[in-house]
Amino acid sequence: MENPTPPLRAFRNDSGSLTPARLGEWTPTKRVSVVVPAFGGQDKLDLVLASLAAQTYPADLLEAVVVDDGSEPPLRLPDVRPAATRIVPNRPGRWGIAAAVDAGVAAAEGELIVRLDSDVVAGAHHVEAHARWHEFGDYFAVIGKLAFVDIDLGADPLDPGRVREAVGAGRVANLFAGRDVSEDWEVALVKESGGVVEDPVRAFTIANGATISFTRAMYDDCGGTDATMPLGSDTDLGYRMAQQGAFFTADAEATAWHLGMSQMKARREEGKRYRRPFAANRIPSLRHLRAEAGRAWETPYVRVVVDADGARLEPVRATVNAVLSGAPADIEVVLTGPWASLTEERVAPLEDPLLNLRLIRETFRGDARVRFLERTPATVAPVPFQLTLAPGAVPRPDGVEGLVRFADERRLGRVETAVPSRVGPLRVRLDRTAALARAERLREPGEDLDAVLDAVWGVGRAEPGAWFLTEDSKAEARRREIADLKAALARLEGATPAPVQRSLPRRAAGRLRRLFG
Numbered sequence: 010m011e012n013p014t015p016p017l018r019a020f021r022n023d024s025g026s027l028t029p030a031r032l033g034e035w036t037p038t039k040r041v042s043v044v045v046p047a048f049g050g051q052d053k054l055d056l057v058l059a060s061l062a063a064q065t066y067p068a069d070l071l072e073a074v075v076v077d078d079g080s081e082p083p084l085r086l087p088d089v090r091p092a093a094t095r096i097v098p099n100r101p102g103r104w105g106i107a108a109a110v111d112a113g114v115a116a117a118e119g120e121l122i123v124r125l126d127s128d129v130v131a132g133a134h135h136v137e138a139h140a141r142w143h144e145f146g147d148y149f150a151v152i153g154k155l156a157f158v159d160i161d162l163g164a165d166p167l168d169p170g171r172v173r174e175a176v177g178a179g180r181v182a183n184l185f186a187g188r189d190v191s192e193d194w195e196v197a198l199v200k201e202s203g204g205v206v207e208d209p210v211r212a213f214t215i216a217n218g219a220t221i222s223f224t225r226a227m228y229d230d231c232g233g234t235d236a237t238m239p240l241g242s243d244t245d246l247g248y249r250m251a252q253q254g255a256f257f258t259a260d261a262e263a264t265a266w267h268l269g270m271s272q273m274k275a276r277r278e279e280g281k282r283y284r285r286p287f288a289a290n291r292i293p294s295l296r297h298l299r300a301e302a303g304r305a306w307e308t309p310y311v312r313v314v315v316d317a318d319g320a321r322l323e324p325v326r327a328t329v330n331a332v333l334s335g336a337p338a339d340i341e342v343v344l345t346g347p348w349a350s351l352t353e354e355r356v357a358p359l360e361d362p363l364l365n366l367r368l369i370r371e372t373f374r375g376d377a378r379v380r381f382l383e384r385t386p387a388t389v390a391p392v393p394f395q396l397t398l399a400p401g402a403v404p405r406p407d408g409v410e411g412l413v414r415f416a417d418e419r420r421l422g423r424v425e426t427a428v429p430s431r432v433g434p435l436r437v438r439l440d441r442t443a444a445l446a447r448a449e450r451l452r453e454p455g456e457d458l459d460a461v462l463d464a465v466w467g468v469g470r471a472e473p474g475a476w477f478l479t480e481d482s483k484a485e486a487r488r489r490e491i492a493d494l495k496a497a498l499a500r501l502e503g504a505t506p507a508p509v510q511r512s513l514p515r516r517a518a519g520r521l522r523r524l525f526g
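Here the sequence shown is numbered in my numbering, starting from 10 and rising by one per residue.
In case anyone wonders, no lab produced these hints; they're calculated from the structure.
Values in this document were obtained by computation on a predicted structure and should not be read as measured data.
All C-beta atoms in this analysis are idealised placements derived from N, C-alpha and C, irrespective of residue type, glycine included.
Treat the hints with care, as some may be off.
Computed spacing ranges between beta-carbons, pair by pair [unchecked claim]:
| hint | residue 1 | residue 2 | range |
| --- | --- | --- | --- |
| 1 | Asp23 | Glu383 | 37 to 45 Å |
| 2 | Glu453 | Thr36 | 39 to 47 Å |
| 3 | Ala460 | Glu278 | 28 to 36 Å |
| 4 | Arg470 | Thr237 | 19 to 27 Å |
| 5 | Lys200 | Asp161 | 26 to 34 Å |
| 6 | Asp235 | Leu364 | 42 to 50 Å |
| 7 | Asp88 | Gly163 | 36 to 44 Å |
| 8 | Glu118 | Arg470 | 42 to 50 Å |
| 9 | Pro362 | Ala475 | 38 to 46 Å |
| 10 | Arg100 | Ser334 | 40 to 48 Å |
| 11 | Asp376 | Leu498 | 17 to 25 Å |
| 12 | Ser334 | Pro362 | 40 to 48 Å |
| 13 | Glu118 | Arg18 | 25 to 33 Å |
Can you make the complete structure from the sequences, with help from the hints?
And the structure:
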């Protein structure tokens, strides 16, 4: 038996550098499940299934799974449909498109999932165009090209047999002659870059539930669709797939026609208003949705990890205090250490062998943003960044935010630096979750993860001074503080009558005495 071809090691999200197989010139082997969530709309569903009956993808490798989300009357299978088509119900007690998609994927038998709305007629090459990208590896997510048709099937019905014939002959556009057809992809990022997807930071935003494909492995790894999101679950799914290393691409040959104009066009502001709180809480990379200062959110933007095992209280406290009081506010701190070893057994308080560990826990256990774990979790997903700090590495007020911005501007998967100190260099490492996940997916047994990370995303190194307090910056801050106190003292002495000068604020005078010895 020949060894399988290893997956392609795609760099970042440079989709323009990849060329999939030409349509009709490759041999499909993977079973595809087209998952169609539906609530009513039998007339449109009939046309969708008719279009799937005319696909160029091999019929014996194709199935259609329609999820009936509580339709009344229940949906039925039409005569014109793929041979392997079935209707399954949504899970008991669940409703909505996100839950229906999840139920459909669970019932599907294919290793590839093509998600299609129940009012979207697919072109003949739709499934094939999606599937060819997944030959590169199990981490691809593909978006099709969608046009919107202004049509009322009640007034002007279409015959499923005619649709199947038109799809098979490549004449779908003729079905909509004389109607208003918008060829808009509805994906600004794709249009910005001329039909490709190059930006690895924003690539997930192209996820569009009307026509998207992914592997079952990717879907399972990211946790599937969030059934608690009635609207916007496709963007959330794209975001969470990104955190598992997904590579996003758009295929203009995966054509499809939406029967009716987009809800986001007809009720755009209402739709945005509804989606915003859900997306803001779950998708920290959409920074414009988190404009409120000081807010905490369900999914943090950065997880900061500090190893407290064997560390003294003071450097840990300095590091964590700086993180919690700085920017961004939507962070989480993880303190790792043998916390389970802290017991309530009798011990002389000042002779406690775990004294520092106990004091660290007591210092931060009241802060909801701080977690105490025995070890660093295997993955930080869905949090997009993990910052590992040595105790005593003290970020400037905007240091964490600046370091993340540096990584984003250069699209780096990792940034490393070291803060000079009296005890030696204090290591700092910022990891992009999406990059680490991609490297883990593609690493061969025994292969160095860091080398793969550099190959698929890029690793950068930088000087720490812009983001962390160093000995020089601390000395400069001390000099500024002394100068400020001297100026304040001079102003008080100049503006205060002599008898009162003797009672200058004790705090300022005491601070000066300590500074000057």
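**Item:** Numbers of unmet hints, in rising order
**Value:** Checked against the structure, the hints that fail are numbers 2, 3, 4, 7, 11 and 12, while the rest are satisfied.
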